[in-house]
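Each chain, written out:
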Amino acid sequence: MGLTGLQIFKLLPKTNCKECGFPTCLAFAMSLASGKANLSQCPYVSDEAKQALEEATAPPMRLIKIGAGEKVLEIGDEQVLFRHDKTFYHPTGIFIEVSDNLSEDELKAKVDEINELVFERVGERYEVDGVAIKNDSGNADTFKKAVETVAGKTDKVLILLTEDPAVMEAAASVVADRKPLLYAATGDNYEQMVEVAKKFQAPLAVRGKNLSDLADLVEKIVGLGYRELVLDSGERQTSKVLADLTQIRRQAIKKRFRPFGYPTITFTTEEDPMKEALQAQVYVSKYGSIVVMKNTSKPALLTLFTWRRNVYTDPQKPIAVQPGIYAIGDVTPDSPVYITTNFSLTFYTVQTEIEATRIPSYLIAFDTDGLSVLTAWAGGKFIGEEIGPWLKESEINQKVNHRKIIIPGGVAAIKGKLEELSGWEVIVGPREASGITAFAKMRLGA
Amino acid sequence: MPVEIFKEKYTGKVQEVVLGATKEEGGTRAYTVKLGGSSALPFLQFEGESARPVIAMEVWDIKPNWHECFEPYIGDVWEDPVAWAQKLEQEYGAEVIYLTLKGADPERENPKSADDCAKLVKKILENTKAPLMVEGCGNYEKDNEVLQAVAEAAAGENIALGMAEKDNYRSIAAACMMGKHCIIARSPVDINIMKQLNIMILDMGVPADKIINDPLASGLGYGIEYSYSIMERARYGALVGDKMMAFPIVCLAGQEAWRAKEAVAPDDAGPGWGDQKTRGIMWEAMTAAALIQGGADIVLLRHPEAAKLIKEHIEDLMVPNTY
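Listed in order, the protein sequences are those of chains Y and G.
Per the working numbering: the first sequence = residues 1 to 446.
Per the working numbering: the second sequence = residues 1001 to 1323.
Rather than coming from a laboratory, the hints here were simulated on the basis of the structure.
Certain hints may be false.
The calculated DSSO-like cross-link candidates involving lysine-lysine, where the alpha carbons are at most 27 angstroms apart (straight line), are [unchecked claim]: (1) Y:K108 x Y:K153; (2) Y:K86 x G:K1243; (3) Y:K294 x G:K1277; (4) G:K1311 x Y:K254; (5) G:K1013 x Y:K294; (6) G:K1009 x Y:K255; (7) Y:K199 x Y:K209; (8) G:K1261 x Y:K86; (9) G:K1261 x G:K1034; (10) Y:K10 x Y:K255; (11) G:K1007 x Y:K255; (12) G:K1261 x Y:K317; (13) Y:K86 x G:K1009; (14) Y:K381 x Y:K392; (15) Y:K10 x Y:K36; (16) G:K1166 x Y:K441; (17) Y:K254 x G:K1013; (18) Y:K86 x G:K1013; (19) Y:K110 x G:K1277; (20) Y:K209 x G:K1007; (21) G:K1261 x Y:K399; (22) Y:K110 x Y:K294; (23) G:K1308 x Y:K294.
One side only, chain Y facing chain G, incomplete, derived with CB under 8 angstroms [said to hold, decoys possible]: (24) A56; (25) L242; (26) I383.
Every beta carbon over 12 angstroms from chain Y, so not counted as near; a handful from chain G, in silico [unchecked claim]: (27) K1087; (28) A1149; (29) M1178; (30) I1230.
Built from N, CA and C at the ideal position, the CB exists for glycine as well.
The task is simple: from the sequences and hints, build the whole structure.
Now the structure itself:
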């Protein structure tokens, strides 16, 4: 467990020099205890105190960076078990595995294919985080060559998969500046693997035979002075991996069990791309920091990336869409005009319902800082006084030749003020988005 | 150094609800299904029981307006709900038949009468073996009439009737009590309304082992994370002893997924989207898989290929993971 402010205070210089930005050492200590300050802000702390404090104030799960330059994948440093407790911070890295048994041309073609896995939806862009190169050949030169080929074709983050430390060293030497993840240290090779990792200052994956073996191995590696680690319990069966990932996360967060205070790596086993995406979904949902996959099916990966985006959305912040005027279908100057807030869930629900009416329409996402209709109305952000002047000057006046706007039924009360300030006729729509189809049928002749 | 396995100690569990009734139990179903009953978080069998999620499949009483990629699978039966239901249980692995009485909607031309609906339900029960769930057309007044007739026609079969919402639950609860059926209580992605509605339905006299909750789960990409978190909170609430959060959860995954543009847009409609058929099936399967991970006890699926994927996925998740 972490230290209290008072315990930390005892380890500080107690000179109240203020160089840390706090008025007193005690104030600084209290902020350290609550995680609001960083020990490096104190220039005079002793090495001894530093070590004790770093141990005690370290986050429950270490942040690990893989890659260098523009392409760095940050994983770990999670603080909760459920996203509703706070949020998940570092989305699962999604990697595609390639084998060094492929010929150079095949490998290049494969990497081209991976580079092209770029997905766009609702104004967002997703792409594969990296490539994992596997030493299936068992040959050091072949592996090194394969790693060189892949590195030459992509600037994505790399994982090198071999358990032979000599093979790893040879391959890592050609991509040392890319800071690849080295997979893996095991009970048989960890001393040499740690040397390789230290030499290139690259993060190191640790694979145990089970959770206990993994904890032992991590302690030994930490004993050798290396902490840039990523964990693998060795399990591959979906429900057992789920159990192991849950144990690792729980023990790190709730028990501050140090050997498990690192991010994790998982591997899919399903061959069918659709089944593989569902298996990967489990690891994205429950605590996998990296998932290494084999298939490159676009529709399957699109759904997986979308799920990752959803589960890593910060529940503390309402997600908003860009405020503005959206055209749904082939709009004409006669198209009806709807207005709602720019809270994304509201917006997309309304948009889907309007699409279902099959009447080309305009939908205005009014800027309410991402609040829903009733909340925004109660907060004075979705009222006639706000919408009216905006509507009067809006570009929508040039887009349509009528002046009728459909508002959500829940805020019928804004009708009068809105009409007065905008000069538009207000039509009160249904209270719920699900009523739009019936509304359109009755009022717009859909 | 053996790692000590961290098991949460829970005091509560998810309410168990049985759907369907066999001959011995006064019905005609070949089997019953158990919803809920979990005493652990989803699939964490190392600390308790995790109930196997059940797969329900969708039948409409009128020809559905679904995407053309459904045609090769159910095009031969989608104008005959009885044959459709039979095909779902015989060929596509539906464990529960979920009938939606869209045709009763008074806003349609020639809406079906309550009597038509009751007859259809009876006929489906006569020709299928699986437990049945029946959803009305969504028009409160019409549903009062329709669901009461259905409840009478299905007496003894222990079907589930919905959707009971805050403004119409009384008549549906009464119909369920009269026919000794289960009730599906819907709340709009809101845990407090869900609890209130459960309390009101219990107050009406519906037994706790007859209540199923529909949290109106959203589809992948369109708010599913809200539903996922609400379900995770509800499951956790159930395990720590809040009985009003403890009813088994049904998620209408298929219909939500197929509303998404991504499910139905033509091949390569957007960057990285790939072919429509795989994408549509995957949109549904991913929606269902995520909701199962969040704690759904029964998922309603639409596409037979998605149902197959989810069935296999559930098998993988049900492999024992006790230490």
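- Go through the numbered hints given earlier and state which of them the structure violates, listing their numbers in rising order. 4, 5, 8, 9, 24, 26 and 30
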